[in-house]
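J.: Just so you know, the sequences run in chain order A and B. The first sequence begins at 0 in numbering that gives the first Met the number 0 and counts up one residue at a time. The second sequence begins at 0 in numbering that gives the first Met the number 0 and counts up one residue at a time.
Derived from the structure by calculation, the hints contain no laboratory data. It cannot be assumed that every hint is accurate.
Pairs of lysine to aspartate or glutamate residues, derived as DMTMM-like cross-links and limited to a Cα-Cα distance of at most 20 Å, are as follows [as the list claims (entries may be wrong)]: (1) A:Lys12 with B:Glu76; (2) A:Lys12 with B:Glu5; (3) B:Lys69 with B:Glu51; (4) A:Lys41 with B:Glu12; (5) B:Lys34 with B:Glu71; (6) A:Lys41 with B:Glu76; (7) B:Lys19 with A:Glu62; (8) B:Lys34 with B:Glu5; (9) B:Lys6 with A:Asp25.
Since we're looking at a predicted model, the values are computed, not measured.
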Amino acid sequence: MKIYLVELQIFNKVRFYSLRKENENDTEAEKFFSRFSDSENKSEFDLILALIKNMGYSSGAQERFFRPEKEGQAIPSRKAITFIEPDYDESRFSLRLYCLRINDRIVILGNGGIKTSQTYQDSPDCRPHAELIQRFIKSFDQAVRDGEIILNDDIIVNQNSIAFDI
Amino acid sequence: MKDFLEKYNVPEETQRFVDKSIEIGEEIISVLHRKGLNQKDLANMLNKSEPEISRWLSGTHNFTLKTLAKIEAVLGEDLIITPTRSVYKYFIYRTTCFQTETAGAIDKPEGLNFQPAELDKSVGPNKKEVA
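Chain B with its partners taken away, still in its complex shape (with noise of 0.2 Å):
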């Protein structure tokens, strides 16, 4: 009995899904949070009911793109992120320590070099970003 849930299989596709669809659930309600907004002022911000903000955070709602990309608009940040733009941000985020550490601010830390213009040749595909 004490494993009786692990009897069942659910299909990866499955899982995977609403796995994800938590996880996009849980990134607004952080980042609500974080800007101390609350689900009417998202709905209010889209021009949604306060329902249909319920509804996206259920863990069973299929977010579309563009649904997505309204709520990242509105609140101004990434909600889901691909693996390569993650290491992009890195390196950005990387950047602007290097400069800020040559400035004096911050020691750099050990076994870290590298040239913010290599990055630039080698991550991302938006030069203006790094820059």
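In isolation and in its complexed conformation, chain A is listed as follows (with noise of 0.2 Å):
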């Protein structure tokens, strides 16, 4: 399967990419986010979304804000809260955005699921969106090896003209 990498909005703190699959016409995070901005897990999508556009604006992508997940990351970072109701219990935060960040200033969104168990590996909805992004990391890693693309501090150079082997 090939894959593009595509530019998503650029925010004076982040430049955020997303993934698009050939002979598809929306990215891996639009998917996402048409899924769950009107689903029942809503609230933790707009927890997700107000954390994506406090990086891009003020705080950057640190990363305190990621959860590692093997070679990627995902989105919220720990246990999180939402507005659902005044007595949410935290470990209830099920949504999960795969992504990989690159350094403070870039990040590549994929898509993302709800996590039904400890692991991605046991949460059908999950683990395909963590594979795709894990596979995807593998072909991007040699892509930077071998001078493909480049990466600079807020920029991925030569992101246009290559198709990912994944």
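Assemble the dimeric complex from its two separately framed chains, guided by the hints.
T.: Have a look at this one:
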């Protein structure tokens, strides 16, 4: 499968990219946003979006906002609360957005889903998205090693001209 | 595509919650740095685990006043400050400057004519702090 890297939005602190599969119109992040922005997980989605916007506008993509997931990351970082109800149990926060944080100024957003188990491997809604990011990272790292793409402080150079084989 | 994320609005209370949680986290990190401490030190001072401190700094933690008061107590500094308290502290600071200025150590800035006694009457509930 071929994957393209697409610029999603440039904020003053962070440049967000996403992945687009060959023969598809929407990026993985767009699919995530379309699916969850008006779902029963909307309050969790809102919190993730608020975090993304804060990073973009003011704080930058600091490591502490991300949860390590093998080679990649996920948002939110830790247990999180929402405004669903006053006594919301933090451990119930189940929405995950998988991504690759390059540095404080560059983040590649993938897709995500509802985590229903301790690990994403046992969560059918998350596993394909987490694994897609993992496979992309391998190909991306190779492209960086080969000099096909260049990572500047706040931009991925040549990102438009490469199809990543995953 | 360039403004993709702008198509989605966050409820104001949610955005404010995340912004404040991150700001408080920044403040904790800043105070620790200033005092030459790290997260492990803070965990020890509060008898908490390091992962719990990390959770506080994740940007989505719901700090309680009780937790904030405990952190402020061990660090000996304010982490959050209300606008009224901020004005009060400013005038305490200015009063200190005024007293120093009258001692001749610092030139008093032009146009700054106030008396500490007036501040004492008009600002702040605790006169002991002004004195």
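J.: Which numbered conditions among the earlier hints are violated in the structure presented, ordered from lowest to highest?
T.: 1, 6 and 8
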